[in-house]
Amino acid sequence: MRKQFPVEFVYQVFALVISAVVVHAIYTAVIRPQARAVLDDLAQKVEAAAGTGKYVAMQPNIFVIVKGPEQELAIIFALWAFAIMGYKFRNVGAERRLFDIDMVSVAEGESILPEDARAHSRAIESMPLDSRDRLLPRLYQNALNRFRITRSVQDASDEARRVAESANDRLDAELAIVRYICWAIPSIGFVGTVRGIGDSLGHAQAVLQGDMTGVTEALGVAFNSTLVALLLSLITVFLLYQLQLVQERLVLDAHQDCERKLIQNLQAPA
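The sequence shown lines up with residues 1 to 270 when you count with UniProt numbering.
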């Protein structure tokens, strides 16, 4: 696992950089120009209707809703979380594919004695490094080594359980950055809310003179940033819980596989 950590860390850094570059480019080239065009068109309609007493309502527009810097940052963080979780879902898939491999070859009615443990352990050690460092081979390897040393089936079973619990704790700890992002996204939306309300208070004098334009635009910033952030948070948290579920199932299934195919075939000398 020591070799995988730098790779995953570099992946996370590049995922953040790429998300920021792509989202900012889209905002600069598409979203903000389109939002400005919609707002300019609305301003012209309001000005044209000023003398007629007609009310000009603004229709909801996705470009206007997401145009703020808080929405941009929330989208960047959400894409970053999606990339990290996608990487972890891919790892779970790679772990699952190892379930189709027979880690130990035991014929029907045959048992594994402590003297046989070393030979079975060598078969696992001959696997490619990327596969050998995954959860299921480590469960088998540690259980076989403990059985060979202690000549106790119970000790081998306890070792398999210890490795499974350790793997579950490690997988849970590695989700810390995703949990932080899930907390940060709605917080970014609330920052936009505070900024929008603050800007609206700055236009209080204009309201007394009958000009509501500045206040409504500032309140739009406040509510739109919260709306976008909460929607992104709902999606991100849902995917996080799905990832936790598949990881926990992976650990449970790997431990059960080891118990069924290895531990039950171990036989300690009388």
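Keep in mind that the hints were calculated from the coordinates and are not lab data. In this text, all values refer to a predicted model and were calculated from it rather than measured experimentally. It cannot be assumed that every hint is accurate.
What the hints assert, rightly or not - Each pair of labels, with its calculated beta carbon distance range:
#1 Val-13 - Arg-170: 36 to 46 Å
#2 Phe-14 - Ala-173: 14 to 24 Å
#3 Lys-261 - Ser-152: 14 to 24 Å
#4 Glu-174 - Val-194: 15 to 25 Å
#5 His-24 - Asp-158: 38 to 48 Å
#6 Leu-230 - Arg-118: 12 to 22 Å
#7 Phe-190 - His-24: 15 to 25 Å
#8 Val-13 - Pro-33: 42 to 52 Å
#9 Asp-102 - Glu-174: 49 to 59 Å
#10 Glu-110 - Val-7: 36 to 46 Å
#11 Val-21 - Tyr-241: 41 to 51 Å
#12 Ile-26 - Phe-190: 49 to 59 Å
#13 Ala-37 - Val-92: 25 to 35 Å
#14 Val-7 - Arg-97: 37 to 47 Å
Built from N, CA and C at the ideal position, the CB exists for glycine as well.
Hint check, failures only: Hints 1, 4, 5, 6, 8, 9, 11, 12, 13, 14 not satisfied by this model.
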